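S.K.: Read off the chains here:
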Amino acid sequence: MKHSRWRALLRKPETSSFLILCLAVVFFTVANDRFLSPLNVSNLLAFLPELGIIALGMTLLLTAGEFDLSVGAVFAFCPVISMLLVQHAGIDLGTALIVGFALTATIGAANGLFVTKAGISSFLVTLSMLLLVRGCTLFATQGFPLASWSGESILQILLAGSFYVGEVRLHASIIWFAALAALMFYVLNYSKVGNWISAIGSNRSAAVARGVPADAVKIGLFIVTSLLAGLAGIISSLRISSASPVAGDQYELEVIAMVVVGGTALTGGRGTIIGTIIGVFLLRIIRNGIVLVGVPGLAFNIFVGGIILIMLMVHSIVHKRSIRS
Amino acid sequence: MVRQTTQEVLRLENVTKSFGNVQALNGVSLAVGDGEVVALLGDNGAGKSTLIKAISGLHGVDSGDIYIGGKKAEIRSARDAMNLGIETIHQDSSLAVDLSIARNLFLGREPVRASFLGPLAPLDLAQLKRQASELLKRVGIKKNLDADAPIRALSGGERQSIAISRAMHFFAKIIILDEPTNNLGVEETHGVLNFIREVRDAGHTVIYITHNIHHVFQVADRIVIMRQGTIVADIDAADTDILEVEAIITGADRRELAAEVRRK
Ligand SMILES: Nc1ncnc2c1ncn2[C@@H]1O[C@H](COP(=O)(O)OP(=O)(O)OP(=O)(O)O)[C@@H](O)[C@H]1O
Ligand SMILES: [Mg+2]
Numbered sequence: 001m002k003h004s005r006w007r008a009l010l011r012k013p014e015t016s017s018f019l020i021l022c023l024a025v026v027f028f029t030v031a032n033d034r035f036l037s038p039l040n041v042s043n044l045l046a047f048l049p050e051l052g053i054i055a056l057g058m059t060l061l062l063t064a065g066e067f068d069l070s071v072g073a074v075f076a077f078c079p080v081i082s083m084l085l086v087q088h089a090g091i092d093l094g095t096a097l098i099v100g101f102a103l104t105a106t107i108g109a110a111n112g113l114f115v116t117k118a119g120i121s122s123f124l125v126t127l128s129m130l131l132l133v134r135g136c137t138l139f140a141t142q143g144f145p146l147a148s149w150s151g152e153s154i155l156q157i158l159l160a161g162s163f164y165v166g167e168v169r170l171h172a173s174i175i176w177f178a179a180l181a182a183l184m185f186y187v188l189n190y191s192k193v194g195n196w197i198s199a200i201g202s203n204r205s206a207a208v209a210r211g212v213p214a215d216a217v218k219i220g221l222f223i224v225t226s227l228l229a230g231l232a233g234i235i236s237s238l239r240i241s242s243a244s245p246v247a248g249d250q251y252e253l254e255v256i257a258m259v260v261v262g263g264t265a266l267t268g269g270r271g272t273i274i275g276t277i278i279g280v281f282l283l284r285i286i287r288n289g290i291v292l293v294g295v296p297g298l299a300f301n302i303f304v305g306g307i308i309l310i311m312l313m314v315h316s317i318v319h320k321r322s323i324r325s
Numbered sequence: 326m327v328r329q330t331t332q333e334v335l336r337l338e339n340v341t342k343s344f345g346n347v348q349a350l351n352g353v354s355l356a357v358g359d360g361e362v363v364a365l366l367g368d369n370g371a372g373k374s375t376l377i378k379a380i381s382g383l384h385g386v387d388s389g390d391i392y393i394g395g396k397k398a399e400i401r402s403a404r405d406a407m408n409l410g411i412e413t414i415h416q417d418s419s420l421a422v423d424l425s426i427a428r429n430l431f432l433g434r435e436p437v438r439a440s441f442l443g444p445l446a447p448l449d450l451a452q453l454k455r456q457a458s459e460l461l462k463r464v465g466i467k468k469n470l471d472a473d474a475p476i477r478a479l480s481g482g483e484r485q486s487i488a489i490s491r492a493m494h495f496f497a498k499i500i501i502l503d504e505p506t507n508n509l510g511v512e513e514t515h516g517v518l519n520f521i522r523e524v525r526d527a528g529h530t531v532i533y534i535t536h537n538i539h540h541v542f543q544v545a546d547r548i549v550i551m552r553q554g555t556i557v558a559d560i561d562a563a564d565t566d567i568l569e570v571e572a573i574i575t576g577a578d579r580r581e582l583a584a585e586v587r588r589k
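One line per chain: the protein sequences are A and B, in this order. Using the numbering used here, read the first sequence as starting at 1 and increasing by one per residue. Using the numbering used here, read the second sequence as starting at 326 and increasing by one per residue.
With the rest of the complex left out, here is chain B (with noise of 0.2 Å):
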C-alpha cells in the first residue's frame, strides 16, 4: 500500500480496540511513508480519534502492533511516544489555557537547571522565553505575540498555530492533527493548512483528520476512509475526487463496493 519511493514511517497491523461493547477499533491495518501526508475520514464515530490516540499513547490497544520506523514499538504513554517522535495535537484542545505560551510550548519537555533535583527542579525561564520567542517568529504568527502571554488571551488560530508548532520545535516524525481547524474562521483554516504543507516540506510525516474534504484535496496525498472501526478506503488523492470520497464515508454506494474490490 506504501508507495515505493518512500520509505515506511509507521505501520499498523490489525490494531483492535473496544470501550466496554463498543468495538471502536476492529482490525485496523495502516503504513504511512516518510513525508507523506494522510488524510483519515469516516464519519463521527467511525473511531478515527481513537486510532490516533492509540497511536499517541493515550490508551493502550486491546491487540495489534505498532511499528515505527520498521520496528516494533511498545506504546504505554503520551510521552513514549513523543520519544519515539510523535507529537499530536488532540480534537479536545492540547493547550492548558491559564498557562503562558512558552509554558505550554515546553510542557512536559521543560528546560530546568539542576535537573538532579527532579520535578522540583527550576525551570530555566530566562531559556524558556527566548526559544519560544524564536519558536513564534519562525512559525511566523504575523501578530506579535508576547511568549508570556496566556494561551486564553488568544484566538482559536492563534491557538491552534501555537499546538502545531510546538510539534514542529520538537522534530517530530510523525505530527497527527485531529481536526485543528474546527470553530476556526477562514482566515485562520488557511493558516492551518497552510501550516501542513510546510510541515511537510521540512520533511516531517503528517496524519491529518478532517470532516471537511475540500480540504483534504487541497495537502493531502492520501486519503483513508474509516467505518465503525474499520479502514473502508485507501486511496491516492490524485486517483478519486469528492463526491466519490463522500460516498465511501457515507456508505451504500457501489463506489465503495468498488472501492472495497480493489483493495482485496
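Extracted from the complex, chain A is given alone in its bound form (with noise of 0.2 Å):
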C-alpha cells in the first residue's frame, strides 16, 4: 500500500522536476556561495513572480490545448498604456489601470474568438497578435520608455511595496504569485471547470458533446492570460519606475518552457500547477546559478535549452511508463 503511493508519487510529472530543480539548487550552492547570499536571492525573488504570473495563465491555456504567444507584448502594453494615460490625460492611477486591463482584456477576448469562432490555430493568431500589440505600444511611446508611477500611492504599495524578512528583500509580487498560484490549483483541479479544461484539452469533441461550453472556456482562459500578463507588466513597471516599450520581449517563450518543463502537456488534456511552480523557479535558478558559476553570458542560452531538452525528455519517458503500468 505504502510502496505503491510511493510509485504513484514518482510517477507524477512534478515529481521529476522537483527532483531536478533540488539537484540544481545543491549544484549551484555548492559551486558558488553567493548563490544562497540575502542580495542574489532577492534578486532572484524579485523578477521570478513577474513571470511566474504569466506562466499561470499559460498553464491553465496549453491544459485546454491551446497557447498564448502575445503575453511578452501584452506585458508591456498594459503599463504603457495605463501610464501613457496619467501622463498626457490626466487620469489618476487607478482610473488608468481599469482602462488598462479592459483593453488588456480586450486582446484576450480577441485572441479567443479568433481562434474558436474564425477556427484559426492559437499559434497564429497570437502571433499576428504579438506584432499587432507590440506595434501599437512602441508606436504609442514613440520607442521610448516612460517613467512610471514614482508619487505615493495605495496600488503601488500593493503592487510593487517590498518588505523583509530577515536579510531578504521581497517584492508584493510573490505574494501575489502565491495568491494567485493556490487560486489556480483549486481551479483547475477541484473546481468544476478545471474538469471542463482538461476535458476540452484532451478530447474537445467528447466534451462538447457532454455539453460543455468549449469556446466560452477557451475564450475565458486568453482573456485570464491576457489580464495576467497585464498585471504581471504592471508591477514590474511599477517596481522598476519605468515602462518600457521593449519589456517582455521573448517572455513568451521563457513562459511556455516553464510551464511545459514543470510537466504539463503542450498538446492539452494535462495540466499542473505545482509542475508550473517548480518550472519558474527551475528555469529562473538555472539562468541565475549559470551566470554565477561564471559561464560566458553568450554561451549560456545553449546550456538553458539543453537543460529544457532533458527535462522533457525526462517528462515523456514517466508519462509512458505511466501508461503501461
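By construction, these hints were calculated from the structure, which means they are not laboratory data. Quick caveat, the model's predicted, so the values are computed rather than measured. All clues given are correct.
Computed Cβ-Cβ distance ranges for the label pairs, DEER-style: (1) B/Pro436 - A/Phe144: 50 to 60 Å; (2) A/Val293 - B/Phe495: 55 to 65 Å; (3) B/Phe495 - A/Ser153: 46 to 56 Å; (4) B/Phe495 - A/Leu23: 46 to 56 Å; (5) B/Gly389 - A/Gly94: 55 to 65 Å; (6) A/Ser4 - B/Gln452: 19 to 29 Å.
Glycine residues also receive a C-beta, built at the ideal position from the N, C-alpha and C atoms.
With the hints as a guide, bring the two chains together.
M.R.: What follows is the structure in C-alpha cells.
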C-alpha cells in the first residue's frame, strides 16, 4: 500500500521536475557560495514572480489545448497604456489601470474569438497579436520608455511594495504569485470548470458532446491569460519605475518553457500548477546560477536550451511508463 | 410504422441537412417506439452519423422536425439533448482519455458543493468517487477498475463499457450508439452486445449504428437502412435475413425495389 503510493508519486511529472530543481539548487550552492546570499536570493525573487504570474495563466490555456504568444507584448502594452493615460490625459492611477486592464482583456477576448469562432490556430492568431500589440506599444511611445508612477499611492504599495524577511528583500509580487497560484491550483484540480478545461484539451469533441461550453471556456482562458500578463507588466513597471515599450520581449517563449518543463503537456489535457511553480523556479535558478558559476553570457542559452530538452525527455519517459503500468 | 403495442419516444419528420453542396440528410422520416432496439445501417457516408448528431444536438438541421415523447423538441445543443433524455456514444470516441474514469462519467454533470459559485464551484470529489465506484460495480465490469484511473489506461472495450454505463446512469430514455464495436476484440464486442440487451431490458430505447450485419440480427428488433441521406428500408428484423439486408445496403437489387414498394 505504502509502496504503491510512493510509486504513484514517482510517476507524477511534478516529482521529476522537483528532483531536478533540488539538484540544481544543491549544485549551484556548492559551486558558488554567493548563490544563497541574501542579495542573490533577493534578486532572484524580485523578477521570478512576474514571469510566474504569466505562467499560471499559460498553464490553464495549455491544458485546454491552446497557447498564447502575445503575453510578452501585453506585458509591455498594459503598463505603457496606463502610464500614457496618467501622464497625458491627467487621469489618476486607479482609473488608468482599469482602462489598461479593460484593453488587455479585449486583446485576450480577440485572441479567443479568432481561435474558437474563426477556427484559426492559436499559434497564428497570437503570433499576429504579438506583432500588433507590440507595434501599437512602440508607436504610442515612439520607442521611448515612460517614467512609471513615482508618487505615493496605496496601489503602488499593494502591487509593488517591498518588505524584508530577515536580510532578504521581497516584493508584493511574490504574494500575488502565491495567492494566484493557490487560486489556479484550486480551479484546475477541484472546480467544475477545471474538469472542463482538462476535458477540452484532452478530447474537445467528447467534451462538447457532454454539453461542455468549450468555446466559452477557451475565450475565458485567453482573457485570463492576457489579464495576468498585464498584471505582471504593471507590477514590473511599478517596481522598476519605468514602463518600457520593449519590456517582456520573448517572455512568451520563456513562460511556455517554464510550463512544459513543469510537466504540463503542450498538446493539452494534462496540466499541473505545482509543476509550473517548480518550472518557474527551475528556469530562473538555472539562468541565475549559470551566470554565477561563470559561464560566459553568450554561451548561457546553450545550457538553458539543453536543460529544457532533458526535462522534456524525462517527462515523456515518465508519462509513457505511467500509461503502461 | 411504429408497432401499435409500443409508445412512440422519438419521431423525425422530413429532416434535411447539407454541408455545402453535400446533401447529407435528404428528407429523413423515422419513428422509434419505447423499448425498441433499432439498428441503423448504411454504407460509409450514407448519413447515419449526421442523423444521430442532429438528434443529439451536435449540429442543427436545415429543415424538418424532431419529436420526443410526442412533443416537438428544439434541440440546439448537446445539453438540450441530454436534458431530453438522449445519451449518445459517438463514433469518434466519447471520452477524454487524460481524465479519470470518475471525471469522465460525470463530465458536464459534475456533482458540486456550493453550486452558487457556478463553473468555479468545487467538485464534490467524495460523491464523485463513490457514485463512480458504485456505477462500475453495477455495470458489472469484471476487472477491478479504479475510478481514479485515467481512461488512457483502459482497453477499447473497457472504454466503451464506461461510455455506455454513463448513458445508463443518467436514466437516458434513448441511448444512441454510433459504431460502438469498432476496433474491439471478440469478447469485448460480446460485452457491448450484452450491454445493449441489458439496456433494453432495463427499459431504454436503443439506436444502434454498425457495419456488422451479424451483430444486428443478435440484438435488433428493427432494421433501418439509409443510402445517400434517405431511408431506403425500414423492416422488422424477424421479417428479413442477412442476404436481403446486405443487398439493400449495397443497392442495385430487385429486393430493394420490393422493399421500396412495400414501404409505399
Ligand atoms: N462536418 C461535415 N462537413 C462536411 N461534410 C460532412 C460533415 N459531416 C459529414 N459530412 C458528409 O456527409 C455525408 C454523410 O456523412 P456521415 O458521417 O453521416 O456518414 P455515415 O453514414 O456515418 O458513414 P460511416 O459509416 O462512414 O460513419 C458524407 O458525405 C460526409 O462526407
Ligand atoms: Mg458514421
